[in-house]
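So the sequence lines, in the order shown, correspond to chains A and B. The C-terminal residue of the first sequence carries number 527 in the numbering used here, and the numbering is unbroken. The C-terminal residue of the second sequence carries number 174 in the numbering used here, and the numbering is unbroken.
You may find that some hints are simply not true.
[Unchecked claim] Heads up, simulated DSBU-like pairs for lysine-lysine below, C-alpha to C-alpha not over 35 Å straight-line:
| id | chain 1 | residue 1 | chain 2 | residue 2 |
| --- | --- | --- | --- | --- |
| 1 | A | K349 | A | K432 |
| 2 | B | K40 | A | K519 |
| 3 | B | K34 | A | K349 |
| 4 | A | K168 | B | K69 |
| 5 | A | K432 | B | K34 |
| 6 | B | K101 | A | K349 |
| 7 | A | K349 | B | K69 |
The hints are simulated quantities; they were obtained by calculation from the structure and are not laboratory data. Note that the structure is predicted; figures quoted are calculated from it, not measured.
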Amino acid sequence: MSHNRILLTLTLLLALLVPAQAWAHAQLLSTDPADNVVLESAPETLHLHFNEPVTPLAISLIASDGVATELLAATTGGETVTVTLPAAGYQGTQVLSWRVVSTDGHPIGGSLVFSIGTVTGASAAAANDPAVAIALWAGKAVLFIALFAGIGAAAFSTLAPLPLTAEKTAIVLAIIGLPAVALTLWLQGLDALGLPLLSSDPRILSTGFATSYGMTAAAAGLGFLLALVALCLPRGRWASGLAWLALVVAALSLALSGHASAASPQWLTRPAVFLHIAGIIFWIGALLPLWLLLAERGAAATLALAQFSRFIPLAVAAILVSGVTLAAIQLGWPGPHWLAPYGLILLAKLCLLALLFALALWNRIGLTAPALAGDAVASRRLRRSIALEALLVVIILGLVAGWRFTPPPRALAAVEAAIPAEPIWVHIMDAKTMAMVSITPGQAGPVALDIWLTDVEGVPITPLEVSVTLSEPDLGIEPLKRAAREEDGAWLVEGLTIPVSGTWRLELDIRASRFELIKLEEMVAMP
Amino acid sequence: MIPIFARAAAAVATLAVFAVPAFAHVTLEVQQAKLGSTYKAVIRVPHGCGTEATTTLRIQIPEGFYNVKPMPHAGWTLETVTGPYAQSYDNHGTALTEGVKEIVWSGGNLPNEFYDEFVFRGTFATTLEPGQFYFPTIQECANGEEAWIDVTGAEDAEMPAPSLELLPADAAGH
C-alpha cells in the first residue's frame, strides 16, 4: 500500500507540476525594420515583436559575403527582442538569423532580410535627377576649359612671355577652376547618392569624395593652385617649375578617374590618358596666348610661335598615339557598338579632331613660316585659324564632358556578361506530387521563383496555398518563409532576396486541400 | 507485485506523456491506443492564431477511425461532415459503411490567453497498421488560421498534426 501511495503521489505531483508550464507557443508578429526593406543607412537596433515573452538562443547577422557576426550578447529578450547592431559601415543585403525559445521550451527560428543602401546583386539604381546630370555636365565642361586653357597657358608661359590679357585670363581661369572643382565634387556626390539637385544631405561632399572622382578633384584643385602661383610669380626657374608641375598634376588628375583610366590593362590606359591629357593641355593652353600675340606681331609673337611650332609636334604625337590606343581599348573592333552613345561621342570628337588637326597642319606648314617671316596676311589667317581651333576645342571639351553619362561599350559588355540570365531549375517530387521550380536569375540577390505543380502523371494540380521556405543550414541562416501567389496556373514568389550564395534548402509547403499538406524539399546551390 | 508494476508503468507513461515538449502544439491528451480499441480523443488547443482568439476548430477523421461521436462544447456549435467509408467496419455485428469524416466546433471564442480541450470518441479499425495516426486539425480565427496538418512526422515540423501511436491489438495482453 505504501508503495502504491508513493507512486500515486509521485504521479500526481508530476501531473501537477508539468502543466504549470505555459501552454502557448510564441509567434513572431512583426519586425522593425520590416522584412525585405531597403534602408538608407544602417539602423542602430533591430526589433522582433512576439506575441509573448521569449528568450533569445542564437542571434547572428550575416552579411552578403556570408560573414556572420554573433549578436546574442547584444540582444535583449522579452515580448520585443531588441538586437543592438555594432557600429560598422554595413552595406548591401543583410540577414538577421534568429532563434528564440518561449516559456514552453519550444524553440522557433526565422530570418529577417533587409538591405542597406542597395540590394546586393540587384541591377543598378534607377535614373538620377536629370538636373543633376545637366549641372554635372556643365560643371565638368567649365572645369575642363579652366584646366586646359588656364593651366595650359601657365605651362606655355614657360616657353614665351604671355601677353597681359592672356596672363589675366589664365589667372581668372585658374581661379574659376577651384570652385568648379568643389561644385563638380558636390554634384558627383548628388549623383552617387541619387539625390535631386537642391539637396542638403550632409553626406554629399564626402560621398563625392569617396568616388573615384574624389582623387581627380583633389589633384585638379592642386593643379589650379600650382598654376595660380606660377602665373603670379615673376618669370623664372621657380615659376617655370611650378607651371610644369601644374601641367603634370592636371594631366594626372584626369588619369585618376573616368572610363578610359578605369579600363584594363591599367598599366597602359593610365599612362595613355596622362600623355593624352598632357599633350592636349599644352596645345590648348597655347591657343589664346598665340592668338593675342599674333595681333601684336612683335618679337614676342615671333618667339612664341617659334617655340610653339617646335614643341607642338611632340604634343600632337602624344595625343594621337595615346588617343588611338585608348579608342582601341574602349571600343574594340568596329561594329554596331560604335553606334552606342559612347561611340557616337567618340566619332563626333574624332570628326572635330580631324578638322582641328587639318587646321593645325595648315598653320604649321602654310602659315607659321610666313607669319614668322612677318607676313601680315599669314598672321591674320593664323589668328583666325587659332580662333577656330579654340572654338573646336570648346566643343570637343563639351562632348568629352558628356562621356561621363555614357558607359563605354566595354563596360556594357561587362555588365551583360555579369548577368547570368540563365535561371536555376529545380525538380522535386514525392510519391504523389511533382514540382518544377525556376529561380531567376540563378544567383544570390533578389530573385523570383516560379513553381509549376503537377501530380506524378504530369497533370497540373491546383492547391489552396503554396509557400516557399529557404534556409542555409551551413551558414546558420534560419528559414525565410514566403507565400506564393497563383498566376496562370503557376505559383510565383516575388520580392524574395537570397542574401548570400551557398547551398540553400528549398522547401515547398503545398496545401493540397484543407487538411492535406504536401512537403517537398531539395538542396539548391545558389552561386 | 503486479499492481505495483502496473502503477509504476502508469507513472512512467504519465511522465513520458508530460515530458514530450509538444505543449506548444495542438495535441492529443492520450498518445497511445490499441488497434480495435475504442479511443477517447481529447484535442488540446493551447492558443489562438498569433494574438487572436480561436473561433472554429475543424478536425479531420481519417479512414480507419470509425463510429465517431463528438462531444458538444458549451458555447460552440457542433457540426459533423459525414460521408461513405472506403470499407465497412463492424460495430457489434452491424456493418458501418459511412460516418463522420470531419468535426467542426464553430462560433466559439477561445482567447489566445486561454486553453481548452475538445473531445470525440471512436474506434480504431483492426485493419489499420500500427504506427503514428494523425488527426489533421485546423484552428480558425477571425483573420487567419493555424493548420496543424503536417503528417510527415518530422521532428522539427513547424505545425504537426496531433497524433497518437497505434499499438498492435495484442500489445499489452488484452
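Results for each hint:
1. K349/A x K432/A: violated, 67 Å
2. K40/B x K519/A: Given pair K40/B, K519/A holds - Cα atoms ~30 Å apart, limit 35 Å.
3. K34/B x K349/A: violated, 92 Å
4. K168/A x K69/B: violated, 106 Å
5. K432/A x K34/B: With a Cα-Cα distance of about 29 Å, the restraint between K432/A and K34/B holds, given a limit of 35 Å.
6. K101/B x K349/A: Violated, because 82 Å separates the two Cα atoms, which is more than 35 Å.
7. K349/A x K69/B: Violated: K349/A and K69/B sit about 91 Å apart, past 35 Å.
Going through the hint list in order, the structure does not satisfy hints 1, 3, 4, 6 and 7.
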